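Use the sequences and the hints to build the structure in full.
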Amino acid sequence: MSDDAHYRFPPSEAYRLNECLYAIKSDRAFAERFLADARAATESMGLTEDERADLLGMSRDALVARGAHPYLVFMAGLRLKMLANPSEMEYF
Amino acid sequence: MIVGAFAVAHTPQLLIRPETEDRDLVLRVHAAMRRVRRRLEEMRPDAIAVVAGDHVEAFFLDGVPALAVYVGSECAGTFGPYRYRLRIHEPLARAVVEQGIERGFDLLYTQDAPLDYAFYVPLHFVMPEPAVPIVPLHVNVYLPPQPTPARCHAWGAALGDILRARPERVALLASGGMSHFPGTDRYAAPDFDYDRSLLELLREGRGCEMARLTGEELDKRGNIELRTWITLLGAVGDARAEVYGYEPSWHHGNAVVEWPVGR
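As they're listed, the protein sequences go chains A and B.
Letter by letter, the first sequence follows residues 1 to 92 of the working numbering.
Letter by letter, the second sequence follows residues 93 to 355 of the working numbering.
Calculated from the structure, these hints are not laboratory results.
The reader is advised that the hints may include incorrect statements.
Subject to a maximum C-alpha distance of 25 angstroms in a straight line, what follows is the list of computed SDA-like cross-link-like pairs (lysine to any residue) [claimed, not checked]:
1) A:81 x A:45
2) A:81 x B:119
3) B:312 x B:276
4) A:81 x B:122
5) A:81 x A:39
6) B:312 x A:59
7) B:312 x A:65
8) A:81 x B:341
9) B:312 x B:354
10) A:81 x B:116
11) A:81 x A:92
12) A:81 x B:312
13) B:312 x A:36
14) A:81 x B:114
15) B:312 x A:62
16) A:81 x A:4
17) A:81 x B:117
18) A:81 x A:44
19) A:81 x B:343
20) A:81 x A:67
21) B:312 x A:44
22) B:312 x A:92
23) B:312 x A:4
24) B:312 x B:353
25) B:312 x B:283
This structure is a prediction, so every number in the text was calculated from the model and none was measured.
Right, dumping it as structure tokens:
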């Protein structure tokens with residue numbers, strides 16, 4: 001798969017960053033901690049300060065440029081929205 | 093034996109609708125899925141073999157299988173407030189993994205991995221009453237390098253041979269598609285023309301041609317998840333597709349399709 005693909009090979013240097021996005025997406029307790037205090041929740045996740053800053057802002061382009069998987073960025077953001085505003089959703 | 097084959101979109105906004113989504117469109121997709129449910133109730137399958145691509149839920153970057161089979165008595169997962177637990181047809185799942193490996197496919201199997209919403213969303217809407225057990229079959233679509241369309245098709249052909257030789261009545265369900273680009277700058281610009289041209293190909297019974305697509309093309313067209321459809325097409329051959337609905341939303345080509353294979 002070429003480097004201009006929408007979904008690229010996830011670089012290993014972004015492993016901790018992707019792991020953190022994965023936790024926001026799939027671990028409800030972690031997502032709740034992140035929503036309450038993102039800085040404290042990411043304290044011991046092994047991220048650089050720059051990665052943390054982009055994560056705290058959920059800045060998609062910056063995160064993807066760092067090697068974050070676009071889908072993880074997308075779904076982590078959606079899960080935070082679902083958690084923050086559950087009543088704005090219609091459940092089937 | 094194979095008694096039916098379907099492909100159904102699984103975008104989570106069909107299950108949990110934010111204000112950004114057109115409610116009427118979502119309800120039209122639900123109506124198409126209810127047709128699938130009615131068809132499944134007519135077919136009375138003993139099991140539904142669901143081919144879906146895990147959304148980095150069961151399999152994170154610490155272990156990325158190309159193809160996997162859930163082999164246990166049940167499987168479970170969560171999505172938002174939804175907690176789901178589904179029975180697995182264990183003898184069938186075991187036959188698939190054992191005979192798949194005999195046929196040269198190096199399948200990963202799991203007795204415990206969580207089940208992604210890609211499996212759950214279609215089943216939430218199409219599971220017949222009373223519910224039947226499933227065989228969850230994972231195809232890696234989101235973590236490059238993914239299996240090639242040709243490999244997915246070959247696996248589907250082997251899967252079809254395995255299922256046809258079994259006494260159980262099995263319905264196949266491919267989950268996912270069509271064009272969408274979650275998390276990228278093309279999220280609001282899917283390739284609906286491409287989807288429509290593929291649906292035309294499928295209506296003509298030329299689904300096997302999709303085995304010749306490249307991974308690059310699927311990525312470019314927002315259709316990496318069609319690996320699940322291509323796997324199913326390996327099993328059903330050149331059956332002509334009946335398109336129950338194609339509903340392009342602002343970010344997703346939602347399709348519901350049947351290949352009438354058991355008639």
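We went through each hint and held it up to the structure:
no. : hint          : verdict
1   : A:81 x A:45   : holds (22 angstroms)
2   : A:81 x B:119  : holds (23 angstroms)
3   : B:312 x B:276 : holds (12 angstroms)
4   : A:81 x B:122  : holds (24 angstroms)
5   : A:81 x A:39   : holds (18 angstroms)
6   : B:312 x A:59  : holds (23 angstroms)
7   : B:312 x A:65  : holds (19 angstroms)
8   : A:81 x B:341  : holds (20 angstroms)
9   : B:312 x B:354 : violated (34 angstroms)
10  : A:81 x B:116  : holds (22 angstroms)
11  : A:81 x A:92   : holds (18 angstroms)
12  : A:81 x B:312  : violated (28 angstroms)
13  : B:312 x A:36  : violated (38 angstroms)
14  : A:81 x B:114  : holds (18 angstroms)
15  : B:312 x A:62  : holds (21 angstroms)
16  : A:81 x A:4    : violated (29 angstroms)
17  : A:81 x B:117  : holds (22 angstroms)
18  : A:81 x A:44   : holds (24 angstroms)
19  : A:81 x B:343  : holds (18 angstroms)
20  : A:81 x A:67   : holds (23 angstroms)
21  : B:312 x A:44  : violated (37 angstroms)
22  : B:312 x A:92  : violated (32 angstroms)
23  : B:312 x A:4   : holds (9 angstroms)
24  : B:312 x B:353 : violated (31 angstroms)
25  : B:312 x B:283 : holds (9 angstroms)
Checked against the numbered hints above, the structure breaks hints 9, 12, 13, 16, 21, 22, 24 and satisfies the rest.
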